[in-house]
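Number of protein chains: 2
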Amino acid sequence: MTDFSAWIHTCQTRVEEVLAERLPSARIAPQRLHEAMRYAVLGGGKRVRPLLAFAAADIANADMERVQYAAAAVELIHAYSLVHDDMPAMDDDALRRGKPTVHVEFDEATALLVGDALQSLAFDILASQPLARDAATQLSMVQLLAQAAGSRGMAGGQAIDLASVGKPLDLTELEFMHIHKTGALIRASVLLGAQCGHLTDATATALDHYAKCIGLAFQVVDDVLDAEASTATLGKTAGKDAAHNKPTYVSLLGATRARELARELRADACAALAELGAPAERLRQVADFVIERTF
Amino acid sequence: MTDFSAWIHTCQTRVEEVLAERLPSARIAPQRLHEAMRYAVLGGGKRVRPLLAFAAADIANADMERVQYAAAAVELIHAYSLVHDDMPAMDDDALRRGKPTVHVEFDEATALLVGDALQSLAFDILASQPLARDAATQLSMVQLLAQAAGSRGMAGGQAIDLASVGKPLDLTELEFMHIHKTGALIRASVLLGAQCGHLTDATATALDHYAKCIGLAFQVVDDVLDAEASTATLGKTAGKDAAHNKPTYVSLLGATRARELARELRADACAALAELGAPAERLRQVADFVIERTF
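One line per chain: the protein sequences are A and B, in this order. Heads up, the first sequence is in our numbering, so the first residue is 1170 and it goes up one at a time. Heads up, the second sequence is in our numbering, so the first residue is 1170 and it goes up one at a time.
Keep in mind the hints are simulated off the structure, nothing from the lab. Hints are supplied without guarantee of correctness; some may be wrong.
Cβ pair distances, simulated, as ranges [as the list claims (entries may be wrong)]:
1) A:Leu1421 x B:Ala1175: 34 to 44 angstroms
2) B:Pro1299 x A:Ala1371: 22 to 32 angstroms
3) B:Glu1397 x A:Gly1267: 19 to 29 angstroms
4) B:Gln1200 x A:Phe1464: 50 to 60 angstroms
5) B:Asp1276 x A:Ala1412: 17 to 27 angstroms
Ideal placement from N, C-alpha and C gives every residue a C-beta, glycine not left out.
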């Protein structure tokens, strides 16, 4: 095992433990809701957003004991968005992380409430113990996550996505959608990880640029994988974009150019880290991980 | 106009202004989502939770300029819960506050995202400017709202409600459901209003008891109105509980005893305020308002 894969394993284990501990037990009422919340969150996923939070923490000398809660909060927001996104009113998907989606395994009403309650839990965790050097900074972290999740962030991106089905978007419009839909929460993951430590304005600007590039690269790779990988490999339905006539980087650029674009975005992301030296090594490695993933 | 009705009008106007200002303009992308968010929140509702926050603020000498943001945050959580609750997967209702529900006026996917984004906005507002005497107190306010909204609060209450349709609940089980579904957010409204000022532990305990009684009384009156008032008066579909075979205070106790219970709960709520003297007058008046309302 390389040093990096050991690190990934440590981070994934850590965030899994925090999530397992902070999600209410399925023995506590309402049992079925809690069982469904745990089903939606635990035991799956690459945990890319937590990895970004942990990697960014290196830059700011942040304590892993603190960062793990910021990592759990962003992962809960991501998990809630998947549960709602998979519902019949949205993407209507039956498979996620190799398992039946929440509304299929439980029912639609439960899926709706699972997503709602996971969002609340994210803010509960982010507010519930000292994570930053002072409470004012931590309040600004709550605000950052709320804005990243909201109508001018992730939820807004999903609205743009829905409105774009079957419409010819150009590359600028596609980028605008993804900066909201995926990019906002990825940016929040990076910044929240770093804000658990000591973060200067100059470093925050560099991280912001890194996060923007990685967020887009993540989406470009997602589009390539949706077009080329199998459902078994992805653990979610492959080929959905073409089936739904959704504009993607592959439909606009072709797969070869899309793969090139992902590599360019990685280079751009790493260039933003140039001034930060050795502490940025994990962020560079996570950038590679995001680009080279196969699921 | 009595002093109290003038005060209600001032509070309602104030919270409406804050909401109108903090909800993104329908001219900002994604326009349709923002239009639907404004549709869901503005221009309707009794604003009972904001009234409770403003009334509780009197106890703690809290500045209205601060309390208005706490009031807006709880109202946004309430508004999001109505949007999701009205969806076909939940109560499947077409009418709310005298208008078509969000999923009817727009579509289901938009209603889902409206609810999601309103929840984020509530936390954004609660974290975004100094509301309490220090940032640590304000963080605990975020935590309080998150827990009140989550799986062991409001969302949990809705899950219990769904699971109880067609089942014979006894009075204890019905109370357990409502303490979560309605009571948690009402309690949060009262405590958040007071936490904008200076709140002692003894006063917090008194307010907690007041809020528990008022939360239940609110629900008992809701059940009586659902059974006895018209759809036109309520601005939402009347007679739903019986139609859905839902256990209510009226189905368990009969309307006469239910009305008595509401008055007993009001007396109990006001007894909790006895030590607090004149500054608790607004809370007593809001208790009357909650019990005597006809819609």
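Each hint, compared with the structure:
Between Leu1421 of chain A and Ala1175 of chain B the beta carbons are some 59 angstroms apart, a value that contradicts the proposed interval 34 to 44 angstroms. One distance hint, 22 to 32 angstroms for the beta-carbon pair Pro1299 of chain B and Ala1371 of chain A, holds here, with the actual separation near 27 angstroms. Between Glu1397 of chain B and Gly1267 of chain A, the C-beta spacing of about 52 angstroms breaks the proposed range 19 to 29 angstroms. For Gln1200 of chain B paired with Phe1464 of chain A, a C-beta distance near 35 angstroms fails the hint of 50 to 60 angstroms.
Taking the beta carbon of each, Asp1276 of chain B and Ala1412 of chain A are about 20 angstroms apart, inside 17 to 27 angstroms as hinted.
Violation of the numbered hints given earlier is confined to hints 1, 3 and 4; the remaining hints are satisfied by the structure.
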